Amino acid sequence: MPASTVPDRVAWAVEQLDLRPQDRVLEIGGGPGAAAELVCRRLEQGFLLGVDRSAVAVARSTQRNRAHLDSGRLDLRVGALNDLDVPDESFDVAFCVDVNLFWTGAAQPELDRLHRALRPGGRLHIFYGPTPRDPSDALAAVRRHLEASPFGRAEVRRTDRGSEIRATKPA
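Going by the numbering used here, the first residue of the sequence shown is number 1, and it counts up by one from there.
If you're looking for bench data, these hints aren't it; they were derived computationally from the structure.
For clarity, every value in this text was computed on a predicted model and none was experimentally measured.
Note that beta-carbon positions come from the ideal geometry of N, C-alpha and C, so glycine has one too.
Any given hint could be a false lead.
Here are the computed distance ranges between Cβ atoms for each label pair [said to hold, decoys possible]:
| hint | residue 1 | residue 2 | range |
| --- | --- | --- | --- |
| 1 | 144 | 55 | 26 to 34 Å |
| 2 | 71 | 133 | 23 to 31 Å |
| 3 | 136 | 55 | 18 to 26 Å |
| 4 | 116 | 16 | 17 to 25 Å |
| 5 | 105 | 158 | 17 to 25 Å |
| 6 | 129 | 55 | 17 to 25 Å |
| 7 | 79 | 141 | 20 to 28 Å |
| 8 | 89 | 160 | 30 to 38 Å |
| 9 | 16 | 100 | 13 to 21 Å |
Make the full structure from the sequences, and use the hints.
Structure follows, in structure tokens:
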């Protein structure tokens, strides 16, 4: 994927984040770095940490986002979300696009880790792009998993550009 190409579902998802220039952001499963590119453009004093289990994906994101890495605005790590070692309450926003972790299983260790990593009032956004199949079952599963986690509550929103499940860490 050329650096100038950003899938519509990724652009839509980043638009929904409502980022502030100073936000500290965590991206889960960022793939080749399209969302990281868009997020870093919005951060002036902020920071993005991207984590992906695929070394190939992190290498592609590194190539695509070299200027953001060199500026210190971006850090990329290879690894699983559950193994992520960051200080508690170190992020304002966490998000992922088309990551199946949250609907294929309960993902309770990962949701617990995200809850700890977000500051009070921090937001978790789980996005899925449009699909030819009805995503209702997957969205309902993600919502159930979030509501069984320390987040306790989740909102689902569907549009023609994709679906979003949002949860906020209680203040």
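- Item | List of violated hint numbers, smallest to largest | 2 and 3
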